[in-house]
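*Asks:* Model the full assembly from the supplied sequences, consistent with the hints where possible.
Residue numbers (UniProt numbering), protein chains in the order written: chain E, 1 to 362; chain Y, 1 to 362.
It is worth saying that the hints were derived from the structure and are not from the lab.
One thing to keep in mind: the hints can contain errors.
Here are a few chain E residues that face chain Y, going by a calculated C-beta distance under 10 Å [unchecked claim]:
| id | residue |
| --- | --- |
| 1 | P229 |
| 2 | I244 |
| 3 | M247 |
| 4 | S276 |
| 5 | G290 |
| 6 | T343 |
| 7 | L350 |
Where a beta carbon is used, it is the ideal one built from N, C-alpha and C, also for glycine.
Protein chains: 2
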Amino acid sequence: MLHLFGKSDDLIVHGRAPFNAEPPLDRLRASFITPQALLYVRCHGDIPALDATHRVSVGGLAATPFDADAAELAARFAPHRVRSVMQCAGNRRADMRAVRPVSGDPWAAGAIGHAEWTGARLADVLRAAGCRDGDGLHVAFESRDVAETPDGPARFGVSIPLSKAMHPDVLVAWAMDGEPLTPEHGFPLRIVVPGYAGVRSPKWLGSITVQDRPSDAFQQAKDYKLFPPDMRPDTEDLSRGFTIDEMPVNSAICVPAPGAALAAGGVAVGGWAAASGRAVVRVDVSGDGGRNWTQAEIEEHDGSPWSWSFWRATLDLPAGEHELCVRAWDAAGQTQPALPDDTWNFKGYLSAAWHRVRVTAA
Amino acid sequence: MLHLFGKSDDLIVHGRAPFNAEPPLDRLRASFITPQALLYVRCHGDIPALDATHRVSVGGLAATPFDADAAELAARFAPHRVRSVMQCAGNRRADMRAVRPVSGDPWAAGAIGHAEWTGARLADVLRAAGCRDGDGLHVAFESRDVAETPDGPARFGVSIPLSKAMHPDVLVAWAMDGEPLTPEHGFPLRIVVPGYAGVRSPKWLGSITVQDRPSDAFQQAKDYKLFPPDMRPDTEDLSRGFTIDEMPVNSAICVPAPGAALAAGGVAVGGWAAASGRAVVRVDVSGDGGRNWTQAEIEEHDGSPWSWSFWRATLDLPAGEHELCVRAWDAAGQTQPALPDDTWNFKGYLSAAWHRVRVTAA
Chain E
1 MLHLFGKSDD LIVHGRAPFN AEPPLDRLRA SFITPQALLY VRCHGDIPAL
51 DATHRVSVGG LAATPFDADA AELAARFAPH RVRSVMQCAG NRRADMRAVR
101 PVSGDPWAAG AIGHAEWTGA RLADVLRAAG CRDGDGLHVA FESRDVAETP
151 DGPARFGVSI PLSKAMHPDV LVAWAMDGEP LTPEHGFPLR IVVPGYAGVR
201 SPKWLGSITV QDRPSDAFQQ AKDYKLFPPD MRPDTEDLSR GFTIDEMPVN
251 SAICVPAPGA ALAAGGVAVG GWAAASGRAV VRVDVSGDGG RNWTQAEIEE
301 HDGSPWSWSF WRATLDLPAG EHELCVRAWD AAGQTQPALP DDTWNFKGYL
351 SAAWHRVRVT AA
Chain Y
1 MLHLFGKSDD LIVHGRAPFN AEPPLDRLRA SFITPQALLY VRCHGDIPAL
51 DATHRVSVGG LAATPFDADA AELAARFAPH RVRSVMQCAG NRRADMRAVR
101 PVSGDPWAAG AIGHAEWTGA RLADVLRAAG CRDGDGLHVA FESRDVAETP
151 DGPARFGVSI PLSKAMHPDV LVAWAMDGEP LTPEHGFPLR IVVPGYAGVR
201 SPKWLGSITV QDRPSDAFQQ AKDYKLFPPD MRPDTEDLSR GFTIDEMPVN
251 SAICVPAPGA ALAAGGVAVG GWAAASGRAV VRVDVSGDGG RNWTQAEIEE
301 HDGSPWSWSF WRATLDLPAG EHELCVRAWD AAGQTQPALP DDTWNFKGYL
351 SAAWHRVRVT AA
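*Replies:* So, in structure tokens, the structure goes:
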């Protein structure tokens, strides 16, 4: 199955139907631009079998609705390239699950990647359709995949505010890292919304609809919300959650791996850090569980607010057991919570506590 | 002295020379628009004795520099009104000082206020001066007050990026809540930069200069930076701090007061919450030190990203001692750190841990 997808053989597979997998962190950290074969895969149903003739419709509150396939979009609209993180709202859920049970796959810190996306600007596409403009409007996307929901099988659907949709970096994308999208990443067309959780960047795009309310599809209306800590799965008052669009500042140690046996002395530590449209201004690393901190070097960053940063540091570790920690800071002086319990929610979303890795030096 | 300033008699005065004072929290919470007499006062030197004929110069990288007094600005530029929080970077420093010593006045949670400011758009003023536009430029402000600095007495000065200066809500302001600025709040003219720490909104404005680098005045170059936790006052490598502009999401319990003796049963709790240009989407309140949380009602908010929210909740408190806590969440799912130690820095800036108030119910 992995072979069919053209994905790397060493992905950590959380489930096969639907297919959900993430790369090992050392592999993820090896390339500032994530290869398509290594990008995490989050599916809600089977991967639709679409070919290049698949057409996307653009309509709703639009004077001149139209439909087009990928080649027609590429011919009609100036291609635009954007480097952006793609990150699942459930990234690092495993850490939150260690506190108390949560629903959903136990993602480690690899449900994130950073790619160069190519496509038409959604704003250009919406203008070409003569879409209405105005406060309070939304752009809904329906995909061709079918998800199991509590209400039965239904097409995957989400929406974003029109004000965000008009940002020049929001794309109807046909390529990742210069290659056509592979089937598991949305071939032939997907949405890319920089700065928003991955769920708002649907794959296998079927339709784009301007409307006066958010999508009423399950994923928009009843899921992917940050629920308060006192809310349990059997609580049905979904109005108590807020829609996850932007995500908090987060970071992870990719090297060394948890449980690593190291030579005492200077130990190289490295990982990623990302904020949602804000710059990462500092990364702190600790070798003693957060009692003392030192600043990591930002090894690689490209200046885009949508990109991640690669950081590295050398920690001097004497023989013994050590808890390594990392936390990043964004330009507003926001940093990560110390403990997963500080922000626990029953869906395990936005898990962003100091990332901790226990190692032994000898 | 308080009488001279026209300030409320019950301000908590941290120092008289320079004059630094904040309102009691119950007084602050009594009005969604903070009266000028109650707004915290942060001075770095004596209050300059300026009259209405005081002129501000606009120049630097500008084709047509000019100077003007407040009346001329009001006649030449369309007045613009903006509701915005003004908050000191050191607000809530007292909580951080309780962990380990920090420098600066021990502000409680009252070094914040929310006002309607009236003035000319800084962007209009810069355009009228034919200021150069472009990436990497800064707008420097010099004030008429003189601060004691480690390098001797010097005029107060700061700067903001030109890209922020051109935002239509950044003002050269002459009025607060419809009244001319009082002397302690910058009469006759001050800058108002919504979403940034108060230090970037200088009072007693003397000059506006477009330049190719940040201000080299003490307050910009060597102070008001977030320094890492391992840095101590005797460390001189200021490059390790990052300039505080935007501020993290924060909140405080204004009622009841610390140490209050209450009747057991339903206890009304209320306070403020603010994020820096992001919406506050939820406020959690705890009656047991953060073990269990309930959601507060947002009692008042005006929809502006620069405004604060007033929240309230009723907690059921049995007889005994209780630690009340509050934490707010912004639209990116950022919330506050649990403990002041989590973000401690030797200047005590951006103190935003869960605000805790101990009370007794009988």
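*Asks:* For each hint, tell me whether it holds in the structure or not.
*Replies:* Now for the hints, and whether the structure bears them out:
1. P229: holds, 5 Å
2. I244: holds, 6 Å
3. M247: holds, 6 Å
4. S276: This interface hint holds because 5 Å falls under the 10 Å limit.
5. G290: Since chain Y brings a Cβ to about 8 Å from G290/E, closer than 10 Å, the hint holds.
6. T343: Constraint on T343/E satisfied, holds at 6 Å.
7. L350: holds, 4 Å
Taken one by one, the earlier hints all hold for this structure without exception.
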